[in-house]
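K.L.:
Below are the chains, spelled out letter by letter.
Protein chains: 2
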Amino acid sequence: MEFSTHMPEALDQARSAAARGEVPVGAVLVGADGRVLARAGNRTREDSDPTAHAEILAIRAACAALGSERLPGAQLWVTLEPCPMCAAAISAARIAVLYYGADDPRMGGVRHGARVFDHPQCHHRPEIIDGISAEESRNLLQDFFRARRGAGTLARDG
Amino acid sequence: MEFSTHMPEALDQARSAAARGEVPVGAVLVGADGRVLARAGNRTREDSDPTAHAEILAIRAACAALGSERLPGAQLWVTLEPCPMCAAAISAARIAVLYYGADDPRMGGVRHGARVFDHPQCHHRPEIIDGISAEESRNLLQDFFRARRGAGTLARDG
Numbered sequence: 001m002e003f004s005t006h007m008p009e010a011l012d013q014a015r016s017a018a019a020r021g022e023v024p025v026g027a028v029l030v031g032a033d034g035r036v037l038a039r040a041g042n043r044t045r046e047d048s049d050p051t052a053h054a055e056i057l058a059i060r061a062a063c064a065a066l067g068s069e070r071l072p073g074a075q076l077w078v079t080l081e082p083c084p085m086c087a088a089a090i091s092a093a094r095i096a097v098l099y100y101g102a103d104d105p106r107m108g109g110v111r112h113g114a115r116v117f118d119h120p121q122c123h124h125r126p127e128i129i130d131g132i133s134a135e136e137s138r139n140l141l142q143d144f145f146r147a148r149r150g151a152g153t154l155a156r157d158g
Numbered sequence: 001m002e003f004s005t006h007m008p009e010a011l012d013q014a015r016s017a018a019a020r021g022e023v024p025v026g027a028v029l030v031g032a033d034g035r036v037l038a039r040a041g042n043r044t045r046e047d048s049d050p051t052a053h054a055e056i057l058a059i060r061a062a063c064a065a066l067g068s069e070r071l072p073g074a075q076l077w078v079t080l081e082p083c084p085m086c087a088a089a090i091s092a093a094r095i096a097v098l099y100y101g102a103d104d105p106r107m108g109g110v111r112h113g114a115r116v117f118d119h120p121q122c123h124h125r126p127e128i129i130d131g132i133s134a135e136e137s138r139n140l141l142q143d144f145f146r147a148r149r150g151a152g153t154l155a156r157d158g
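Taken in sequence, the protein lines are chains A and B. Number 91 in UniProt numbering belongs to position 91 of the first sequence; there are no gaps in the numbering. Number 59 in UniProt numbering belongs to position 59 of the second sequence; there are no gaps in the numbering.
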């Protein structure tokens, strides 16, 4: 299978998020035709919005641009295993392929915990390809939380 | 325990959603001081946004109004068992109490399927009180889907 990797762009979004003081997770949404529909990094603090994860922002932007609540054939590239909220949104948007970087045993909802796609209540399961640039993604997160602890602030979720 | 029920307002939001052609689910968010912070009904079609469930819209509006990504002490009243996306958003927003109406064995993520609050990856679990005005909530949904099938359109998620 041939494909262009969009993980470097997703990692750029994660780095930009870190520079804004946000948890460094980035996402890129690619349409069925291979065109980039949206790029986003976390903005929960800046937007005062607990739902403003990179994946949700990318999905909302792409759907708004296309005037559709579904994105059949789309690929989502994200630097970290999605949480249950984002996994369920990926399903609702009918995204075809989920590419992600690092596993998230602490907050993830794809391979861990709620395993959102693995229940009959999930009506659309994307193809899942994980472990892409995982070390780079994990290093970004570790550096971010290490720096915040060093600065005396609380880590995400205390 | 004394409390004011906000389910009638949530049901009003669900009825308004149905009138707009949206799946009739409604939500009301009440702050720790008992003040209503936000009211919302589903708007996925109108907004071309698969994340625009009543609960997400209410959480986003309340957080924006308060300039905070967390709503400690808040109560969320919603007419239907939240899906995994909404359950995880409720957790992220640190909502204290979730009151809901009808169970949703087909799409729910609280008592069914992903059971988002029942994993160690869930870092905040609200108190949950369910079955409030459940029959009225269920009837709204059944009437909505029956009318749509009658009109020759597809039911939610086909």
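FYI, nobody ran anything at the bench for these hints, they're computed from the structure. A portion of the hints provided could be inaccurate.
[Unchecked claim] Looking from chain A toward chain B, a few residues come up when the C-beta cut is under 8 Å (computed):
hint: 1; residue: D33
hint: 2; residue: A64
hint: 3; residue: G73
hint: 4; residue: H112
By construction, the Cβ of each residue, glycine as well, lies at the ideal position given by its N, Cα and C atoms.
K.L.:
Next step is simple, just say for each hint if it's right about the structure.
P.N.:
These are the hints, each one checked on the structure:
no.: 1; hint: D33; in the structure: 19 Å, violated
no.: 2; hint: A64; in the structure: 6 Å, holds
no.: 3; hint: G73; in the structure: 15 Å, violated
no.: 4; hint: H112; in the structure: 6 Å, holds
Consistency with the previously given hints fails for numbers 1, 3, ordered from lowest to highest.
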